Every structure is written in structure tokens, then in C-alpha cells.
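So you can see what is in the structure, the chains are spelled out below.
Number of protein chains: 2
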Amino acid sequence: MSYRVGIVGATGAVGQELIEMLRKRSFPAASLRALASARSAGKQLESAGEHYCVEEATPEVFAQLDLAIFSAGAGVSRRLAREAADRGCIVVDNSSAFRMDDQVPLVIPEINPEAVAGHHGIIANPNCSTAIALMALFPLHRAFGLRRVFASTYQAVSGSGWQGIVELEEQVRAWVESRPLTASVYPYQIAFNVLPHVDRFLEDGYTNEEAKMLHESRKITGISDLRVSCTCVRVPVLRAHSVSIDAEFERPADPDAAREAIEKFPGVEVCDDPASNRYPMPRDYSEREPCGVGRIRRSAALDNGLALWVSGDQLWKGAALNAVQIAELLHTRGLIPQHHRA
Amino acid sequence: MSYRVGIVGATGAVGQELIEMLRKRSFPAASLRALASARSAGKQLESAGEHYCVEEATPEVFAQLDLAIFSAGAGVSRRLAREAADRGCIVVDNSSAFRMDDQVPLVIPEINPEAVAGHHGIIANPNCSTAIALMALFPLHRAFGLRRVFASTYQAVSGSGWQGIVELEEQVRAWVESRPLTASVYPYQIAFNVLPHVDRFLEDGYTNEEAKMLHESRKITGISDLRVSCTCVRVPVLRAHSVSIDAEFERPADPDAAREAIEKFPGVEVCDDPASNRYPMPRDYSEREPCGVGRIRRSAALDNGLALWVSGDQLWKGAALNAVQIAELLHTRGLIPQHHRA
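Residue numbers (our numbering), protein chains in the order written: chain A, 5 to 346; chain B, 5 to 346.
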């Protein structure tokens with residue numbers, strides 16, 4: 005069985021990773037079409053030696069596809085994902101558009117694969133920082149019962165797409181060449197700076213990105229009364245997000261038992277040997293599939309708590325990898341209809 | 005009244021700031037001598053148009069001084085601070101050597117100025133991240149009663165002295181010029197990376213820097229049962245530290261009341277208007293005396309809690325400024341003896 009697959013937002017940073025990830029993981033794609041806005045239509049893309057001609061993503065094109073992975077922002081998903089699903093094309097959506105929709109499963113395949121069964125044509129991929137944090141927290145939840153999370157993020161500029169990368173690189177070059185630094189993607193200089201500001205601000209003072217960590221974590225883990233306070237911070241790192249966490253549990257949480265629980269869980273690994281300076285860093289968790297967890301210790305501020313640090317590639321586990329894993333899950337469970345096939 | 009002042013570690017990043025800060029704040033120094041290791045003796049320093057010939061810091065030199073500010077690391081302080089005090093020279097020590105010594109006041113002048121009264125010749129200056137965090141937390145403690153702190157830091161490379169600055173700058177230049185990046189100050193590349201590792205690791209998995217946030221906070225605030233969990237992280241920023249905090253209080257903590265309490269407190273200011281993208285950043289709090297507090301909101305994970313973000317210049321409030329403020333406090337309280345004077 006193989007599928008006619010479309011990537012919506014194929015010219016973007018995540019879009020590129022999606023194309024490579026589908027090939028890297030040998031997803032059974034009979035065909036792979038690169039879709040984007042009318043503005044990008046006609047562009048040539050090259051990925052791993054293959055050439056793609058970018059086509060405009062119109063509602064009609066989805067009638068010729070079995071599966072589409074959307075990564076072109078919430079606006080495009082709101083406009084086209086339902087159109088695609090209505091035409092029988094299953095949508096895996098990277099955007100935030102449908103994540104909190106009761107009709108849409110929000111899935112991390114290692115954590116809640118069973119949720120895909122209830123899909124109505126659209127399956128949502130979680131927020132990047134949330135996915136990376138949960139890869140560390142969910143095995144600990146199973147072991148000790150998660151109650152409360154305090155998180156501070158260290159988010160790479162590639163979370164803002166190509167533009168974020170270009171802006172940091174250009175600012176660093178300008179600095180070396182003693183030219184003035186200009187900012188357009190971020191409200192302020194990101195080189196040699198950190199911004200406690202990711203996504204838009206909400207009424208309660210949290211940002212939308214921070215609120216996602218609360219709401220998406222509850223939906224994915226099923227812990228309906230989980231408490232989460234998160235501060236999301238952009239740092240001058242090109243790729244891979246990190247999260248500093250204090251987590252409170254129902255039961256006593258021992259660091260050795262925590263390491264064992266994480267080590268046994270798929271998609272995440274322990275990288276934790278302070279004596280030899282081993283801890284996760286964005287440099288080491290860029291273009292790596294598993295997330296890395298380290299600095300695991302009893303939290304000095306909680307009775308049943310752990311402090312820990314997790315790094316993961318937000319373009320991979322936080323986006324393209326998780327989306328392709330969802331597609332694989334749909335495939336192995338026979339949930340991708342191929343009724344279009346002649 | 006004016007004093008014969010010595011700066012121990014005058015060639016270091018904090019030493020330089022100390023010389024400038026004493027002049028900037030018009031500290032009544034009759035003379036200012038630059039002291040350092042034998043290796044630096046004979047070097048010429050220039051600061052704000054003044055020239056200093058670096059002298060070796062020997063025990064004997066302190067017999068000719070009324071006040072010495074030490075900023076040459078804990079080893080030098082352990083070797084020479086008591087020698088200085090025994091010769092009647094009051095020591096303000098920037099290092100960690102004596103901070104937790106019961107005989108040594110640990111002072112942030114805005115917070116516990118009364119503690120200087122009990123000095124025995126040595127007064128300790130707190131850890132940089134601790135000082136910056138407490139400038140935000142202490143006014144909130146007064147308003148609501150501080151119980152518990154969860155903190156994650158974003159620490160600039162100048163916290164490691166000149167070498168830290170040189171290493172980040174050199175790595176960034178190497179990256180722009182496509183040369184290999186080499187690391188010596190930090191165990192790994194710091195450019196485009198973050199390291200959850202500041203200071204040495206302790207038995208319990210926290211680093212010494214993280215433990216300082218707990219122990220020094222208790223000593224300075226007098227809250228003997230304060231609980232603090234901290235993760236200290238080095239980020240590719242040249243100057244000024246930031247701290248992301250969730251804080252729990254005895255009484256309900258309202259964000260507006262919190263802003264008012266901070267605004268009324270000396271040495272710290274509110275920089276908090278999300279609607280116009282106003283929040284503290286290291287770029288804006290470098291070479292600024294007050295620390296800035298923003299992102300103030302009710303913590304979603306605590307009943308009586310606030311989440312907030314603070315930035316401050318760790319070479320100033322985290323080191324040189326606070327040390328000079330201690331010297332000013334000693335001066336105004338008549339606590340610097342001038343018995344050497346002929």
C-alpha cells in the first residue's frame with residue numbers, strides 16, 4: 005500500500021524537513037507533491053537529489069491526494085484543511101488551528117497513539133516546545149503521576165522558520181563586520197540577546213505559546229487538571245529547543261527511577277552524567293530523532309518533585325518527525341483511505 | 005572623610021567595572037590602587053582617563069589601605085581577605101569564599117543594609133544571579149510573603165570574566181569566517197548553543213551556582229525555610245543575566261500590587277507592558293543600574309503565585325555596583341575605620 009502525499013508549505017523550513025523525513029523513514033509514498041501559496045507556485049525545490057515543482061495548494065488538488073501534511077501556518081490550515089478532508093484526503097496539521105478542537109486528535113505517537121482512531125479527517129501535531137517537554141514528562145507521569153509543571157524554554161530561531169535563521173545569521177554577520185543590526189522577524193535584536201516573548205500575548209499575561217504548553221499537555225496526556233506555568237524565551241540558537249522543568253508528582257519521584265522510566269520510553273533518551281559534563285544541548289540534539297533528558301535531580305522546592313532539562317530538535321520531534329510518525333501510525337492502523345485510486 | 009581603597013583583581017572584568025563604578029558614583033576615595041597577582045604586577049591600566057600601575061596583592065599592602073574590594077576569585081579571597089582584615093583594612097568580597105560564613109554579612113544594600121553592622125572585617129557580595137533574582141523577589145516578599153521559588157537563568161558569558169566574552173566573540177567570528185569553533189573556557193561551544201551548566205556539579209545534582217540561589221537567598225532575606233529550585237544556564241549573550249521565575253507566596257499575590265511593590269523599591273524597576281512589547285532583555289539592561297522586572301502575571305501552576313522575568317547587569321548589580329553600594333553603606337554608617345591615617 006502506498007499513498008499519494010502532498011506537503012502544504014513545502015517551501016518552508018518544516019516543509020523541507022517533511023520531504024526529507026518522509027524519504028529518510030521510507031514512508032510508503034507513491035507520489036509526493038510540493039504544495040504552497042500561489043506566490044511560490046512554479047518554483048523548483050530540490051531535496052536529497054529529487055526535484056519538485058511547487059504547485060499551488062487549491063481545494064481541488066486534495067481530491068487527487070490520500071494524505072496531506074500541512075505546515076503553512078494556522079491561516080492556511082483554517083482555509084484548506086477541512087477542504088482537503090472533505091475531499092477524502094487525510095490531513096496531518098502542524099499548525100495550531102485545530103489542536104484544541106474536540107473533533108481533532110492531538111497526537112504524539114509515543115504517548116497517545118490510540119487518539120488517532122477517533123479522527124474526522126484531520127489530526128493535529130502539537131506545539132514544538134510542548135512535544136519536547138512531554139517526551140520527558142510523560143514517562144515520568146507513568147511512573148509517578150504528574151501533577152504540576154514549571155517550565156522555562158530556550159527556543160531556537162528556526163522555530164520562526166527560515167526567516168528566523170536568516171535574521172540571526174545576518175545579525176551575527178553584521179556584528180562581526182561592525183554594521184548596524186536590523187530586526188524584522190523579531191521585535192528586537194536576537195543576536196547576543198534573549199527575548200521572553202514567543203507568539204502573541206494573551207489577556208492573562210501569558211503568551212499564546214505558553215498557554216499551548218498548558219492546554220495541549222492536558223489534551224495529549226489526558227491529565228485534565230494538570231497545572232502548568234511556562235515562560236517561553238527565544239534564544240540565539242539556530243536549531244533545537246530546550247526546556248528547564250520542575251515537575252511535581254503524586255508519588256515520591258526518585259532520580260534513578262526517573263532515568264529508568266525515560267530510558268525505557270521510545271523517542272527519548274537519558275543524557276545525564278554531570279561528572280563527565282554530559283547533559284543535553286541544542287548543538288547535540290539538532291537533527292537527532294530522540295529528545296535528550298538530563299540534569300535529573302530531586303527538586304529542592306517540591307516534596308515529590310524532580311528538576312530536569314530536555315533538548316530536542318523542534319523541526320523534527322517538534323514538527324516534521326512527529327507529523328511523519330502520525331502518518332506512519334495512520335498507515336499501520338489502516339486509517340488512510342485510498343478511495344481515490346482508480 | 006575619604007579612604008585609601010584597593011581593588012584586588014583589578015585587571016578582571018569586574019575589577020575594571022569596580023574602578024569605573026567607584027568614580028561614577030563619586031565614592032570618597034583619597035587613593036585607588038589596582039592590585040592583582042604577581043603575574044599582572046607592573047601592567048598599566050587605563051580607566052576613564054586615569055592610569056593605574058598594577059601592584060601585586062601581598063598581605064603587607066593592606067596595612068596601607070582602609071578598604072579593599074576583592075574580585076579575584078574564591079582562592080585569592082581565602083588567601084588574602086583575612087590577612088587584609090587583620091591589618092585593619094575592611095574587605096568587601098565579591099567571591100563565594102565567605103558568603104555562607106556566619107561571621108560574614110552577605111549584603112544587598114536595598115534588602116538587608118542592617119546586616120553590615122555585624123561585620124568582622126569582611127562583608128560578602130552575593131552571587132550575581134541571586135542578587136538579580138532577589139531584586140525582583142524581595143519587594144514581593146514584603147508584599148506577599150515569599151515561600152517558594154522556581155528559577156531558570158539565562159546567564160551571559162561575561163559572568164566568566166573577559167575569557168568568556170573573548171570565547172563567544174571568537175566563536176562567532178570563526179563561524180562567520182567558516183573556521184572551526186574551539187572551546188576552552190566552557191566545555192562546549194557557547195555560540196549558537198546553551199549550556200545547562202554553570203559552576204561545578206554537587207552531589208545532589210544541582211550545581212554550586214544553583215545551590216547559591218537557595219542558600220544565599222535564605223541568608224539575605226532571612227526567610228530560613230525558603231524553598232528554591234534553580235537551573236542555571238549559560239546563553240550566548242555578552243552581558244546581563246536574566247531569570248525566569250515562578251514564585252509562591254503566603255498571601256494572594258495580585259500582579260498590579262506586585263508591580264506597585266516593585267516600583268516603590270529602590271534599585272529595581274518595572275518594565276512590563278506586553279501590549280507594546282515591553283519586557284526586560286539583556287540588551288537593554290546592560291550597563292544599567294536598576295534591574296528590570298516584567299512578564300508579571302498570576303502563575304497558572306500556583307494558588308498564591310506569580311510568574312515573572314527579571315534582567316540585570318551581572319557585572320553591575322550582580323557584582324561591581326552592589327560591592328560599591330556596600331562600600332557606600334559602610335561609609336555612611338561610619339564603619340570604615342581610618343586608623344592607619346598618620
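These aren't lab readings, by the way, just hints derived from the structure by calculation.
Heads up, a few of these hints could be off.
As the list claims (entries may be wrong) - According to the in silico footprint, chain B covers these stretches of chain A (three or more CB under 8 Å from chain B):
no.	segment
1	16-23
2	154-162
3	186-197
4	200-207
5	237-245
6	278-284
To be verified - For each label pair, taking beta carbons as the anchor points, the in silico distance ranges come out as:
no.	chain 1	residue 1	chain 2	residue 2	range
7	B	N212	A	A187	31 to 39 Å
8	B	Q167	A	E181	17 to 25 Å
9	A	D105	B	N212	29 to 37 Å
In this text, all values refer to a predicted model and were calculated from it rather than measured experimentally.
Note that the Cβ used here is the ideal one computed from N, Cα and C, for glycine as well.
Going through the hints against the structure:
A stretch counts as covered by a chain when three or more of its residues have a beta carbon under 8 Å from one of that chain; for the segment 16-23 of chain A and chain B the count is 0, and the coverage is violated. Taking a C-beta to C-beta cut-off of 8 Å, the segment 154-162 of chain A contributes 3 residues in contact with chain B, enough for the three needed, and the coverage statement holds. Given a C-beta distance limit of less than 8 Å, the hint that chain B covers the segment 186-197 of chain A holds, as 5 residues qualify and 3 suffice. With 3 residues having a Cβ less than 8 Å from any Cβ of chain B, the segment 200-207 of chain A passes the three-residue criterion, so the hint holds.
Counting residues of the segment 237-245 of chain A whose CB lies closer than 8 Å to any CB of chain B gives 5, which reaches the minimum of 3, so the coverage claim holds. Judged by the Cβ-Cβ criterion of 8 Å, the segment 278-284 of chain A is covered by chain B as claimed, because 5 of its residues qualify and three suffice. The hinted window of 31 to 39 Å between B:N212 and A:A187 holds, with their beta carbons roughly 36 Å apart. At about 24 Å, the beta-carbon gap between B:Q167 and A:E181 stays in the expected band of 17 to 25 Å.
Between A:D105 and B:N212, the C-beta spacing of about 48 Å breaks the proposed range 29 to 37 Å.
Of the numbered hints given earlier, the model fails hints 1 and 9; all others are met.
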